[in-house]
Amino acid sequence: MSSLLLGLFISGTLFVFIGLIFLLRLSLPPSRGWPKVYIGAAMILFGRFINLWTILAGDQMPTVLNASNRIVLEGAVGYLGGIIFVLAGFVEIAPNVFRLFRNGDRKIRQGLIYNAANSLIYPGCEIKPSVKSMLGYICKNYKLEAISIHLVPPAGGTLKYFTGKTFNYSDNWIRKEFPIKDSIPGRAFLDRKIFRSEPIGMLAQSHSEQSQSSRVRYMGIPIVTGIRIWGVVGLITRADFDEPKPLEKFMKYFAERIGFCLDYEKADRENKAKSKYLNIHLSMIDIFNRWPDLNSSLPKISEQIRRHIEFEQLLLARLDDSGENMWRYVYSDSGRSLVQKAVSARLDQSLLGRIARSQKPELFEPKLTDDKDKTSDISLPKSNCIGAPLLKDRQLVGVLVLTAPEGRKYTINDLNVLRFLSPVFAEYLSHLNLKERIHHRESQLTCLAKGFGAVTNADELKNAIGDAARILTRELPITSCRIMLLENGGKAFRTIGLHQIRGLDWDTRSMSLIPTNSVPSHFNAANDARSLTIKFDQPHHVLREKEKRLLFYSGIASATLIPITNAGEKLGVISLGEMRNKKRRAISVEDMNFALAICSSIGILLQSHLLRRKMDNLGATAIGRGDIPPSRIPLEWARYHNEVMNALAGIMGGCELIASAKAETDDPLIGKYINVISHNGERIRDLTQNLNREAVTDTPAKGRIRNVERAEELIIH
Numbered sequence: 262m263s264s265l266l267l268g269l270f271i272s273g274t275l276f277v278f279i280g281l282i283f284l285l286r287l288s289l290p291p292s293r294g295w296p297k298v299y300i301g302a303a304m305i306l307f308g309r310f311i312n313l314w315t316i317l318a319g320d321q322m323p324t325v326l327n328a329s330n331r332i333v334l335e336g337a338v339g340y341l342g343g344i345i346f347v348l349a350g351f352v353e354i355a356p357n358v359f360r361l362f363r364n365g366d367r368k369i370r371q372g373l374i375y376n377a378a379n380s381l382i383y384p385g386c387e388i389k390p391s392v393k394s395m396l397g398y399i400c401k402n403y404k405l406e407a408i409s410i411h412l413v414p415p416a417g418g419t420l421k422y423f424t425g426k427t428f429n430y431s432d433n434w435i436r437k438e439f440p441i442k443d444s445i446p447g448r449a450f451l452d453r454k455i456f457r458s459e460p461i462g463m464l465a466q467s468h469s470e471q472s473q474s475s476r477v478r479y480m481g482i483p484i485v486t487g488i489r490i491w492g493v494v495g496l497i498t499r500a501d502f503d504e505p506k507p508l509e510k511f512m513k514y515f516a517e518r519i520g521f522c523l524d525y526e527k528a529d530r531e532n533k534a535k536s537k538y539l540n541i542h543l544s545m546i547d548i549f550n551r552w553p554d555l556n557s558s559l560p561k562i563s564e565q566i567r568r569h570i571e572f573e574q575l576l577l578a579r580l581d582d583s584g585e586n587m588w589r590y591v592y593s594d595s596g597r598s599l600v601q602k603a604v605s606a607r608l609d610q611s612l613l614g615r616i617a618r619s620q621k622p623e624l625f626e627p628k629l630t631d632d633k634d635k636t637s638d639i640s641l642p643k644s645n646c647i648g649a650p651l652l653k654d655r656q657l658v659g660v661l662v663l664t665a666p667e668g669r670k671y672t673i674n675d676l677n678v679l680r681f682l683s684p685v686f687a688e689y690l691s692h693l694n695l696k697e698r699i700h701h702r703e704s705q706l707t708c709l710a711k712g713f714g715a716v717t718n719a720d721e722l723k724n725a726i727g728d729a730a731r732i733l734t735r736e737l738p739i740t741s742c743r744i745m746l747l748e749n750g751g752k753a754f755r756t757i758g759l760h761q762i763r764g765l766d767w768d769t770r771s772m773s774l775i776p777t778n779s780v781p782s783h784f785n786a787a788n789d790a791r792s793l794t795i796k797f798d799q800p801h802h803v804l805r806e807k808e809k810r811l812l813f814y815s816g817i818a819s820a821t822l823i824p825i826t827n828a829g830e831k832l833g834v835i836s837l838g839e840m841r842n843k844k845r846r847a848i849s850v851e852d853m854n855f856a857l858a859i860c861s862s863i864g865i866l867l868q869s870h871l872l873r874r875k876m877d878n879l880g881a882t883a884i885g886r887g888d889i890p891p892s893r894i895p896l897e898w899a900r901y902h903n904e905v906m907n908a909l910a911g912i913m914g915g916c917e918l919i920a921s922a923k924a925e926t927d928d929p930l931i932g933k934y935i936n937v938i939s940h941n942g943e944r945i946r947d948l949t950q951n952l953n954r955e956a957v958t959d960t961p962a963k964g965r966i967r968n969v970e971r972a973e974e975l976i977i978h
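For the sequence shown, the working numbering begins at 262 and goes up steadily by one.
By construction, these hints were calculated from the structure, which means they are not laboratory data.
A portion of the hints provided could be inaccurate.
[Said to hold, decoys possible] Derived DEER-like restraints, expressed as beta-carbon distance ranges:
id: 1; residue 1: Glu509; residue 2: Thr672; range: 38 to 44 Å
id: 2; residue 1: Glu509; residue 2: Pro666; range: 50 to 56 Å
id: 3; residue 1: Leu652; residue 2: Gln565; range: 19 to 25 Å
id: 4; residue 1: Ile673; residue 2: Arg618; range: 47 to 53 Å
id: 5; residue 1: Thr707; residue 2: Ser544; range: 34 to 40 Å
id: 6; residue 1: Thr707; residue 2: Asp654; range: 25 to 31 Å
[Claimed, not checked] Lysine-lysine pairs mimicking DSSO-like chemistry, simulated, CA-CA at most 27 Å apart:
id: 7; residue 1: Lys831; residue 2: Lys711
id: 8; residue 1: Lys561; residue 2: Lys670
id: 9; residue 1: Lys653; residue 2: Lys621
id: 10; residue 1: Lys696; residue 2: Lys711
Values in this document were obtained by computation on a predicted structure and should not be read as measured data.
All C-beta atoms in this analysis are idealised placements derived from N, C-alpha and C, irrespective of residue type, glycine included.
Use the sequences and the hints to build the structure in full.
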């Protein structure tokens, strides 16, 4: 039993010494060293308890531990525990002082630098006042005249000055601004490397007085993280300072930690801003989905924006498809939502034109040369405003302008909110334009198909093709459209449909026959059955002067050639011309699909016209043989021919349009084309059955049936 107690006594003593080692070897900052403090204290208390318990059980201890020896041992253990706790308290109460310098090397530990740099900067490039004492302590221990930190102001506007905070051992707080180009800190900032100046005199020590003339040296250390520079840490020492290298090493690390903390803080602010803007984005998307009409959704969107930007008037200018006009939507404090169409002839000199040409949200000031509206209900802002161009795929779709109430100044937060709202509005306006454009072009195709179905002679055919040329010129971003058909057995082109915008001079020779061998580009495009774009000055499209006059009449710089085919047979070419120096948007995929749909309709129209002529000849031959009574057959042939050919055109047109749309499942026109095909298929079946039934009941039945079958075979072929 005595040996067990002796073992416990020794174990408790070991616990006490291990706990002491834990406290004395503490090398981490207090914020990260608390677990070791607790472990060390717990081990000391546990070892102390074991020792006291073994001393109280002294009757069973070895004889070497008599009464006097027990008292001495108990006192020694008690004093040792007290010393340990006092030392531990000193370590925890003054950790910075305890670890600031070690072995006289004057090196600041990493934990102190990390904690000091983390608590150094306020948002907006402001230094916390509690750091003054720490920097003053560094000045005093390194025997510096002063230490200063020059930070770049928050983003926004042109950078011109640093904001300087100067510290020295007298604990004076001096705030100065230094220009970049004309100051020593500015030279350190521009060089982005450690800058050492020659000895200079007259160092300012306070706000109102100057120190005695002294020779000092400035050393600037840039605050850099990656490729970004935040500012400069400046050290002012005497000219005979004898320890520049240790100080330089320390300040380089110190500047690095400051840059790290500023970078981290900037990222944290950006994340918070993104989360706030994400809520705005989601709320706006919800409004757009519930109220697709801009007149009904704009007031609700304005209320969402008003939570983040205080404005008096919101103006949304929406560019139409032609790029010639702008629709202006205005929402003000009175809750009015108005719309007016403004022609863009004077847009280049107006406020909206200047905003549209800018690349980012900016502050704009109205000028006297700006275009003024003649109406009083939708005038442009007459005071300073913030505006942003609305771009979708680098194409301008509108302009967003916010006007603040009188007396309110714009902040960097206003521009940030506007910068985030711009792509959201651009996406919505682009979707709205696409939706309206699809609906409008559906109606255009329907009207064109009705006109094609009513064609009965060559004059009506020419008028229908001319209507197609006018629709293409009006709907696509082009300046002219020329539709040419093959004649003389495919050896020449003749212009049938022609339309151009105002102010375009035409070469009258372009209306005559064009031999296919003199225009190789048109012939190849028709042969290859694919669109082709040629330009006037392209070296690989070498054309003679005559060919250039035929292809590129006055003012035309390029042409997109689309072949007109039907069932693999070439019928003609559509030429979409573009003027020189005409800043319009490029032809998109939707525009090309629309042009291909019209090409398919024209091909079906031409094929039906040829079939009509063949069927008329077939009917005349049957009448001449006497197989069919002349009194009834022409009327029935005309009715049968028109109905069947219209239905056939609907089926073939639907197939061609689906092929031109590349069978995209999300195309809103696909379902409509499929319905047209199924409906016209039922029409052809019913018409054929009715005509066969009538042919059997009439006389002569065999001749009628034979001629009907021949006509059906011809149509199907």
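A quick look at each hint next to the structure:
1. Glu509 / Thr672: 38 to 44 Å: At roughly 39 Å between Cβ atoms, Thr672 and Glu509 fall inside 38 to 44 Å, so the hint holds.
2. Glu509 / Pro666: 50 to 56 Å: holds, 53 Å
3. Leu652 / Gln565: 19 to 25 Å: holds, 21 Å
4. Ile673 / Arg618: 47 to 53 Å: Violated, since Ile673 and Arg618 (Cβ atoms, about 23 Å apart) do not stay within the stated range.
5. Thr707 / Ser544: 34 to 40 Å: Holds, at about 38 Å.
6. Thr707 / Asp654: 25 to 31 Å: holds, 29 Å
7. Lys831 / Lys711: holds, 24 Å
8. Lys561 / Lys670: At roughly 25 Å apart (the allowed maximum being 27 Å), Lys670 and Lys561 satisfy the hint.
9. Lys653 / Lys621: holds, 13 Å
10. Lys696 / Lys711: holds, 23 Å
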